[in-house]
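Here is what each chain is made of, one letter per residue.
There are 2 protein chains.
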Amino acid sequence: MNGFELDSRLVKDCYVLGKLNVSFLLLMNNSLVPWFILVPQTSEAEISDLSKVDQAGLLKEINVLSAFVKSSFDITKLNVAAIGNIVSQLHIHVVGRNPSDYCWPNVVWGTVERKPYSDKRVEEITKALCKQLGDRFLPC
Amino acid sequence: MNGFELDSRLVKDCYVLGKLNVSFLLLMNNSLVPWFILVPQTSEAEISDLSKVDQAGLLKEINVLSAFVKSSFDITKLNVAAIGNIVSQLHIHVVGRNPSDYCWPNVVWGTVERKPYSDKRVEEITKALCKQLGDRFLPC
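Those sequence lines, one after another, are chains W and E.
If you read the first sequence in our numbering, its first letter stands for residue 1, the second for the next number, and so on.
If you read the second sequence in our numbering, its first letter stands for residue 1001, the second for the next number, and so on.
Don't read these hints as lab results, they were simulated from the structure.
Where a beta carbon is used, it is the ideal one built from N, C-alpha and C, also for glycine.
Treat each hint with caution, since some may be false.
[Unchecked claim] Residues from chain W shown here face chain E by an in silico Cβ test under 10 Å; the list is partial: (1) 45; (2) 49; (3) 56; (4) 62; (5) 83; (6) 86; (7) 89; (8) 93.
[Said to hold, decoys possible] No more than 30 Å apart at the CA atoms, straight line, and that leaves these computed lysine-lysine pairs for BS3-like: (9) E:1077 <-> W:12; (10) E:1077 <-> W:60; (11) W:127 <-> E:1052; (12) E:1019 <-> E:1120; (13) W:60 <-> E:1052; (14) W:60 <-> E:1060.
Okay, chain W solo, but in the shape it has when bound (with noise of 0.2 Å):
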């Protein structure tokens, strides 16, 4: 989608770590869970409004994203979930989970508590990311 920009806000609280083929990939800038966002590129603000073909891709990411959050992160469950009540713009949450993560079973939206990553723990995110996901994933 040409002239595609995404939300100011998913860019304050987040790293841009890279795009897959339909979505940017954003790390959300708080170590104490893994919380990954697909951004697709379009003005759709909800999954059932995106053309089948897009709604494939996404999935697609979304698969590709949760074996990644599996495998890279002490994790026993995740939240994938399409909110957007505050960012309008169309993002999904990939979230991996543990009960004793910092507000287990509680979800993570509207928890206030933050531990910013250091630089060199993105770059160490963004290496395995590359290495498991190949030329699907395109670093920034």
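Starting from the known structure of chain W, fit chain E onto it as the hints suggest.
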């Protein structure tokens, strides 16, 4: 899937409205927002662990249910989420939201305020589902 049983907590909190091809369709007994739940007949706990066929079937059901919620209730946003931190059986929330609703812009998960449905209203919703979804929906 033979021998599939709905989680007892879901059954306690919701009306079981009927079945789609992949999923049971439930209605959270909270009329403050239109809050539906799809429960795919599977023992997997994550969407990403479903077969490609079941994923595609589930996505269709999310689309159909999203369209129903958008056309039948006064809502401006959908919240679509697979969480499962408390009830591990895979289930996908499809919640219609509106800036005037009881917890906007916060998420509904974790809120305790409830307004139960009347049986008559549940019957109306079930009839509307039958009308819009046709033979894709088998009411209980």
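**Report entry** Violations among the numbered hints
**Finding:** Violated hint (a single one): 7; every other hint is consistent with the structure.
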